[in-house]
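Generate the whole structure from the sequences, applying the supplied hints.
Its first residue numbered 1, the sequence shown is counted upward by one per residue in UniProt numbering.
Don't read these hints as lab results, they were simulated from the structure. From a predicted model like this one, the values you see are computed outputs, not experimental measurements. The reader is advised that the hints may include incorrect statements.
Unchecked claim - Cut-off 30 angstroms, straight-line C-alpha distance, at most; resulting in silico cross-link-like pairs (DSBU-like, lysine-lysine):
#, residue 1, residue 2
1, K274, K557
2, K499, K572
3, K72, K24
4, K632, K267
5, K355, K26
6, K244, K231
7, K68, K53
8, K660, K687
9, K76, K24
10, K632, K159
11, K267, K614
12, K203, K244
13, K215, K39
14, K123, K75
15, K76, K26
16, K75, K39
17, K321, K273
18, K68, K115
19, K273, K60
20, K655, K499
21, K290, K119
22, K316, K451
23, K687, K655
24, K60, K72
25, K28, K68
26, K312, K373
27, K53, K23
28, K39, K557
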Amino acid sequence: MSDYLVIVESPAKAKTIERYLGKKYKVKASMGHVRDLPKSQMGVDVEQNFDPKYITIRGKGPVLKELKTAAKKAKKIFLAADPDREGEAIAWHLAHSLDIDITSDCRVVFNEITKDAIKESFKHPRPINLDVVDAQQARRILDRLVGYNISPLLWKKVKKGLSAGRVQSVAVRLIIDREKEIASFIPEEYWSIKSMFATNNGKDFEASFYGVNGKKTELTSEEEVQSVMNKLDGNAFEVKSVTKKERKRNPALPFITSSLQQEAARKLNFRAKKTMMLAQQLYEGIELGKEGTVGLITYMRTDSTRIADSAKNEAKEYIEKSYGKSFVSNEVRKELKKTNAQDAHEAIRPTSILKDPSSLKEFLSRDQLRLYKLVWERFTASQMAPAILDTVSIDLSQNDVMFRATGSTVKFQGFMKVYVEGNDDQQEEKESLLPPLESGDTVYSKDVDSKQHFTQPPPRYTEARLVRSLEELGIGRPSTYAPTLDTIQKRGYVALDNKRFVPTELGEIVIQLILEFFPEIINVEFTADLETNLDNVEEGKVNWVNIIDGFYHEFSKRLQKAEIEMQEVEIKDEPAGEDCELCGHEMVYKMGRYGKFMACSNFPDCRNTKPIVKEIGVPCPKCEKGNIVERKSKKKRIFFGCDQYPSCDFLSWDKPIARKCPKCESMLVEKKLKKGVQVQCVECDYKEEAQG
1 MSDYLVIVES PAKAKTIERY LGKKYKVKAS MGHVRDLPKS QMGVDVEQNF DPKYITIRGK
61 GPVLKELKTA AKKAKKIFLA ADPDREGEAI AWHLAHSLDI DITSDCRVVF NEITKDAIKE
121 SFKHPRPINL DVVDAQQARR ILDRLVGYNI SPLLWKKVKK GLSAGRVQSV AVRLIIDREK
181 EIASFIPEEY WSIKSMFATN NGKDFEASFY GVNGKKTELT SEEEVQSVMN KLDGNAFEVK
241 SVTKKERKRN PALPFITSSL QQEAARKLNF RAKKTMMLAQ QLYEGIELGK EGTVGLITYM
301 RTDSTRIADS AKNEAKEYIE KSYGKSFVSN EVRKELKKTN AQDAHEAIRP TSILKDPSSL
361 KEFLSRDQLR LYKLVWERFT ASQMAPAILD TVSIDLSQND VMFRATGSTV KFQGFMKVYV
421 EGNDDQQEEK ESLLPPLESG DTVYSKDVDS KQHFTQPPPR YTEARLVRSL EELGIGRPST
481 YAPTLDTIQK RGYVALDNKR FVPTELGEIV IQLILEFFPE IINVEFTADL ETNLDNVEEG
541 KVNWVNIIDG FYHEFSKRLQ KAEIEMQEVE IKDEPAGEDC ELCGHEMVYK MGRYGKFMAC
601 SNFPDCRNTK PIVKEIGVPC PKCEKGNIVE RKSKKKRIFF GCDQYPSCDF LSWDKPIARK
661 CPKCESMLVE KKLKKGVQVQ CVECDYKEEA QG
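Written out as structure tokens, the structure is:
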């Protein structure tokens, strides 16, 4: 008989924790929630203070039976679900199912699955925090009231299988609003003038037009450009001023959930769902040979950048030993603490900086290693000294026309030796060295080039941009971002086009109906205020029933009105412009989980479907009968194949072009590089200069 029973959520954690705790402890997994609201009905009694009706989740009977049997044999039971609202609610449900006194010291929480952290947490068990449970319960009931009331309406009036949720509806609205901004955008013309300059000793550098008479001047037309050009006389320019400054650049703070998802999207091309799945594996533990199963990162659902002193001290020693004392940060950096941050958690960091990525290569999958490396580098850099950059600005003048050249060099790498944060525009700071010049020197323009530009509309949302926007607006919490993005795609409300979200007709119809009849559901401020109220419940400031009652009072009135006034909407399929080769009926466009596809309009009598292909105007180099078309894999990656497939199996991940290699007559393809696109031959070493 074991003296103690510990219940965690997953088997992976159970195995690791049992090894750390020793023979007196038996660790079992609940496999997540054991109780929940029923799927077949609302499960909330609105007449009785929104009393929830919880039932054992279908399929969890055997798990619960096993836990009850183990509980009877144990002297004491510890509930060690994840350290967040969801985990606290799971512990509360388990306590009810196993008749555990919720006021007893039965709850254990830890931020990382390491031997020291686990042993320390078991020295400080506590009662279940009912305020945290109530906050989670309130969120669950709110979402149930919204979803189980609006969804049936949408099924009846629009299409079966639709759903409406608080956070997902706001996310879809943001995507639709951005699409409207793009559609209504009016480009504005502007011009730039650049020139290469040479010094007396033959050093070249580039400078751009800055202004006239010492004032910055915007060029908005060709006439204004010509006016500037007319002022220039010859190619000699005087160096008016040379400004040198030393600039400090601080490292990014360690990851929180949203920043991890954003950076993994930018640098690793990971979807939010994939990032969280891999992070969960790294948190729960990886088998490291003789060392056994070890948790490699701290808990991955957090909105705090706090770091434990023990981790800071370990990082300081590692950085000094690996890079030198000058690379250790001596600055006290302000941690990011939002008013609603659940600061019980640390930031996402490696459980030990000593486990550098190179030492784990043989134990991790390729994607696990890439994500771990990202977390390790971000944390390590966050504890390093700032980088020091020397910046130089040179102003050149002729007849009151001023050109300016700017450059920067890295004087001290600091944190940049390990990691530099990415950005959505994929423009990293580049080192550029200017020649040594002094005021009064003369330089000579070699060619002056003017270019016309137009302002661009705001970009469509990528997953990273959407997560950042939701976070900035206070919509949702760390645990909701990935499932929200997944849901709006599965429902067919949005689709991904070149990794950017575009709304579908269905999404626009649903949001328009919700906007008309339930405006508060997709009101950004209202949804953010609800999140703040849930935080107040967690802190014990507000009763959860009052929050829900305040919402439901107005919501129920709108619901009654919508039942009567909402009109049925018929969504007509868009003709694809070709007939079905099996039965002759018209083919139409449909929206599926992986985006648009073609299907026969004679469904269900004819079930013919076809992927949408795009011709690129290049004949197939293999069979010479077909044409190359653009296709998408199930993972939405674009590739190029012959339209005669399966009789011709030609395939290329790089886009073929309609020219042959001038060197060997083989196929040329466009190869995507970090700095742009380069044309290359598939057979020989022929390459053309990359185009940005």
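Results of checking the hints against the structure:
| no. | hint | in the structure |
| --- | --- | --- |
| 1 | K274 with K557 | violated (40 angstroms) |
| 2 | K499 with K572 | holds (27 angstroms) |
| 3 | K72 with K24 | holds (15 angstroms) |
| 4 | K632 with K267 | holds (22 angstroms) |
| 5 | K355 with K26 | holds (29 angstroms) |
| 6 | K244 with K231 | holds (29 angstroms) |
| 7 | K68 with K53 | holds (21 angstroms) |
| 8 | K660 with K687 | holds (12 angstroms) |
| 9 | K76 with K24 | holds (11 angstroms) |
| 10 | K632 with K159 | holds (27 angstroms) |
| 11 | K267 with K614 | holds (28 angstroms) |
| 12 | K203 with K244 | holds (19 angstroms) |
| 13 | K215 with K39 | violated (67 angstroms) |
| 14 | K123 with K75 | holds (17 angstroms) |
| 15 | K76 with K26 | holds (11 angstroms) |
| 16 | K75 with K39 | violated (36 angstroms) |
| 17 | K321 with K273 | violated (37 angstroms) |
| 18 | K68 with K115 | holds (27 angstroms) |
| 19 | K273 with K60 | holds (25 angstroms) |
| 20 | K655 with K499 | holds (17 angstroms) |
| 21 | K290 with K119 | holds (21 angstroms) |
| 22 | K316 with K451 | violated (50 angstroms) |
| 23 | K687 with K655 | holds (15 angstroms) |
| 24 | K60 with K72 | holds (19 angstroms) |
| 25 | K28 with K68 | holds (11 angstroms) |
| 26 | K312 with K373 | holds (18 angstroms) |
| 27 | K53 with K23 | violated (38 angstroms) |
| 28 | K39 with K557 | holds (24 angstroms) |
The structure does not agree with the numbered hints 1, 13, 16, 17, 22, 27 stated previously, though it agrees with the rest.
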